[in-house]
Amino acid sequence: GESVGLHLPTLSVQEGDNSIINCAYSNSASDYFIWYKQESGKGPQFIIDIRSNMDKRQGQRVTVLLNKTVKHLSLQIAATQPGDSAVYFCAETTSYGKLTFGQGTILTVHP
Amino acid sequence: AAGVIQSPRHLIKEKRETATLKCYPIPRHDTVYWYQQGPGQDPQFLISFYEKMQSDKGSIPDRFSAQQFSDYHSELNMSSLELGDSALYFCASSLGLSGADTQYFGPGTRLTVL
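As you go down the protein sequences, you meet chains W and F in turn. Sequential numbering from 1 applies to the first sequence in our numbering. Sequential numbering from 1001 applies to the second sequence in our numbering.
Same shape as in the complex, but just chain F (with noise of 0.2 Å):
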């Protein structure tokens, strides 16, 4: 069964550079969430999209942003990047919006910042 894509794995930058970090849901579903994993922690929520439209912000730095696209993907933009922003960054989807809507995460993006 096709799963959700993440682009790219693995990604390098330099201090005060930015990111652009992308995901591709699982067919069909119109919601996407995207949370950050810091060296043995819990993944943190970011921000959520249903139906092209934010639905929920979580601790999410003013300096990054995110949208969905007609297609359904979506893109978490990430500028000025500090050291701390170093982290697993994963997609996950979901068909509707409710608890009971089951998210099924990407692989995730590793982000290093030097």
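With the rest of the complex left out, here is chain W (with noise of 0.2 Å):
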């Protein structure tokens, strides 16, 4: 069936820097890719979303890329702190809203 998945399972970056989580899918059919941050033994917190009729879309701090030709998506962080330390996961949904979820990247951030 569809995935998606991810590339890298773990990043540590130094606080400050910039962090590019990526993720890879394979339903050319979805409509809508979200980014999900988990922090340890907490439920996932949205993120942003994007549309699948879009190719950038930003937020406070992140931004998301959505390369349909390629079926890629990417989260970027601009000044990464220590508080975004946590797992990110991307995920898609399909019509009924159901999210299928990539396998997640630890993001470590050091002081």
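In case anyone wonders, no lab produced these hints; they're calculated from the structure. From the three backbone atoms N, C-alpha and C, an ideal C-beta is built for every residue, glycine too. Relax, there's no trap hidden among the hints.
Straight-line distance between alpha carbons at most 25 Å, and here's what the computed PhoX-like set of lysine-lysine pairs gives:
#	chain 1	residue 1	chain 2	residue 2
1	F	Lys-1013	W	Lys-42
2	W	Lys-42	F	Lys-1022
3	W	Lys-37	F	Lys-1022
Restraint ranges, calculated between C-beta atoms of paired labels, are given here:
#	chain 1	residue 1	chain 2	residue 2	range
4	W	Asp-55	F	Gly-1096	19 to 29 Å
5	F	Lys-1013	W	Gln-58	43 to 53 Å
6	W	Gln-60	F	Arg-1016	42 to 52 Å
7	W	Gln-14	F	Gln-1054	46 to 56 Å
Take the two lone chains, each set in its own frame, and fit them into one complex as the hints suggest.
This is the structure:
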């Protein structure tokens, strides 16, 4: 079946650096792509989403890029802070909204 | 702002026992999703409800059942528990059923089957 996966399972950065987390997806029919942040022992927290007819969307310190040609999604975090340390999941939605998650990337920010 | 509430937060059961997990969505949210997350894994969709009707079904074992009540809260009933059922169970709610409707997750219930 369709799946969403990540290239890099871990990412370590220094505080203040920019972080880029990547994701590959296989279902070209997906309508929305979403990034979630999950801290230890907590539920996934919505960060930002992007519709399939867009290629870029910006939020507060975060930018999501969508390249439908190569089925690639990325999350850019500007000026990464220690509080950004978490597992980041990309996900895609079907017509009924159920989420199909990717593998997850562990982001560690060093002070 | 009110968030999704799940209870209990932790649950320990023996093999072959039953368990009931509860989810209280954000007020006015009409859609509930259940996900299962094994250790070091991504959340896997189990089942969803919209306006008290099942809207979609994923990889949910036949031993599990769920429903959404008139007040929109949902319960996941798990019977004949197996060791492999040990996982985090998340409930998410949204206002609406489409992919454009953001899903907000609860803190999860950690189920341990001994």
